[in-house]
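The working numbering numbers the first residue of the sequence shown as 11 and each following residue consecutively.
In case anyone wonders, no lab produced these hints; they're calculated from the structure.
Where a beta carbon is used, it is the ideal one built from N, C-alpha and C, also for glycine.
Take these hints with a grain of salt, some might be off.
[As the list claims (entries may be wrong)] Between beta-carbon pairs, the in silico distance windows are:
id	residue 1	residue 2	range
1	H97	L67	39 to 49 Å
2	S93	N72	40 to 50 Å
3	D47	L68	24 to 34 Å
4	D79	M118	55 to 65 Å
5	N72	V40	43 to 53 Å
[To be verified] Restricting the straight-line Cα-Cα distance to at most 20 Å, the calculated cross-link-like pairs of lysine to aspartate or glutamate (EDC-like) are:
id	residue 1	residue 2
6	K115	D104
7	K55	E73
8	K94	D104
9	K41	D52
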Amino acid sequence: MTFGEIAALIAAIAFAVLVIFMCVCLVRLVKVLDGVDQSLSDVTKNIDQLTNDTNQLLQNFNERIDQLDPVFQAAAEVGTSVSKVNHTVQTATDRLNQRMEMMAKRSMVKSISRKISGLFSRKKKQPGQANNNRRA
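Start from the sequences and build out the full structure, keeping to the hints where you can.
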């Protein structure tokens with residue numbers, strides 16, 4: 011065997027080792043890619059299930075919100091009614107206070123006019139007695 015043949019044989023062996031190594035790497039790569047494919051398939055299934063669950067949850071939420079709308083509307087109407095009642099009571103209270111003030115003023119005026127009237131009527135009925143009262 012010549013030196014060239016030995017070099018060719020070494021090169022062939024090295025190439026064979028390289029091919030075997032590449033085959034082993036490719037087999038491992040195929041296994042990894044199969045695992046990635048399986049993982050992506052599982053994730054896709056989970057995403058589909060999660061999407062379905064989310065859609066059902068959102069639909070259920072919307073149905074419950076629709077059921078609560080009349081409650082909020084009724085609460086708003088009650089609030090409006092309470093506000094109107096409060097305004098009416100305030101107005102009635104103000105009017106009552108005004109009337110009470112007027113009645114108090116009238117009562118005071120009547121009381122004063124009675125006292126004044128009483129003073130004048132005493133002077134007219136008993137002029138001599140009123141003078142005696144002053145001397146005593």
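How the hints compare with the structure:
1. H97 x L67: 39 to 49 Å: Distance hint for H97, L67 holds at roughly 44 Å.
2. S93 x N72: 40 to 50 Å: For S93 and N72 the Cβ distance comes to about 31 Å; the hint is violated.
3. D47 x L68: 24 to 34 Å: With Cβ atoms ~31 Å apart, the hint holds.
4. D79 x M118: 55 to 65 Å: holds, 58 Å
5. N72 x V40: 43 to 53 Å: holds, 47 Å
6. K115 x D104: holds, 17 Å
7. K55 x E73: Cα-Cα ~27 Å, so violated.
8. K94 x D104: holds, 15 Å
9. K41 x D52: Measuring from Cα to Cα gives roughly 16 Å; hence the hint holds.
In summary, the structure is inconsistent with hints 2, 7 from the numbered list given earlier, while agreeing with the others.
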